[in-house]
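Starting from the known structure of chain A, fit chain B onto it as the hints suggest.
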Amino acid sequence: GAVVSQHPSWVICKSGTSVKIECRSLDFQATTMFWYRQFPKQSLMLMATSNEGSKATYEQGVEKDKFLINHASLTLSTLTVTSAHPEDSSFYICSAPISYEQYFGPGTRLTVT
Amino acid sequence: QQQVKQSPQSLIVQKGGISIINCAYENTAFDYFPWYQQFPGKGPALLIAIRPDVSEKKEGRFTISFNKSAKQFSLHIMDSQPGDSATYFCAASRSGAQKLVFGQGTRLTINP
Chain A
1 GAVVSQHPSW
11 VICKSGTSVK
21 IECRSLDFQA
31 TTMFWYRQFP
41 KQSLMLMATS
51 NEGSKATYEQ
61 GVEKDKFLIN
71 HASLTLSTLT
81 VTSAHPEDSS
91 FYICSAPISY
101 EQYFGPGTRL
111 TVT
Chain B
1 QQQVKQSPQS
11 LIVQKGGISI
21 INCAYENTAF
31 DYFPWYQQFP
41 GKGPALLIAI
51 RPDVSEKKEG
61 RFTISFNKSA
71 KQFSLHIMDS
81 QPGDSATYFC
91 AASRSGAQKL
101 VFGQGTRLTI
111 NP
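Quick note, the sequences are listed as chains A and B, same order. Residue 1 is where the first sequence starts when you use our numbering, and the numbers rise one by one after that. Residue 1 is where the second sequence starts when you use our numbering, and the numbers rise one by one after that.
In isolation and in its complexed conformation, chain B is listed as follows:
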């Protein structure tokens, strides 16, 4: 119930391509779904987040798509750049609890 399942575990994309990472959750009480970017030896940085009242949110090259009925959400990185190479984590939390449940992470490599 508390798990967030993330796939793929690793992803290689050519420069300029679209990177897509998927997450699925079980707990319908989750109502906040952020994505974090983490570089080696650094803490995670909030990239973009969505609430379940919308199906899509876009910020620059980053888009979250949210499917409430399927209990799935995904991150799309358009025009992927080598600087996007990092580990990406999806997460979920319940209102008021603030505790984040993290997915397993996706190591993204953008080839120049």
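Just chain A, with the same shape it has in the complex:
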């Protein structure tokens, strides 16, 4: 089956620093990937659509200068949380589609202290 990986699985950073999260499709190519944020006991909130070879598309209310997305290749998308603050602490999950089906990564737990 299709596998999506994320790295790191968890990260702790200090307020004001930047953190990069990688999302890879291991056995298929993905021209599009999606980034979600999930707070405890809540649903997944779509943050942005990552497009290979073009700019990411951000959902309403998501600060594009704070959450930088780069779709470097057909198998890699990165999310950089810039100048992180404690309120950015969350579970970040990426997904990649094959036709209609979305395959999700295992998630990255970000804690900002």
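Since the hints were made in silico from the structure, they are not lab data.
Restricting the straight-line Cα-Cα distance to at most 20 angstroms, the calculated cross-link-like pairs of lysine to aspartate or glutamate (EDC-like) are:
id, chain 1, residue 1, chain 2, residue 2
1, B, Lys99, A, Glu63
2, B, Lys42, A, Glu101
3, A, Lys20, A, Glu63
Stretches of chain B that chain A covers, calculated by requiring three or more beta carbons in the stretch to come under 8 angstroms of a beta carbon on chain A:
id, segment
4, 40 to 47
5, 102 to 111
Beta carbons are placed, not taken as given, at the ideal position from N, Cα and C, and that holds for glycine.
Okay, now just chain B, sitting in the frame of chain A:
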């Protein structure tokens, strides 16, 4: 228009019982309806999905029932097991868009 409403928020079922989770949508352009299972600290995993051209799809103990006219779909878990205890999300998307709209989630607990 973009919302998918899911109920109940939490559900407790005895082992061997049937778990039923319901979702309703507004956007008639949605044409793909998946269900995801998520364990704590993990990403969601696709469980089963349905397209609106069929009213029911069954895979093992999991069944999706789809009512196009009512704009509702539901997940039935037969012979529920403690290992089924997880959070379940319904979702919907439009063809070509691939963006999923998620329901609020249901925390399912199966008592042994």
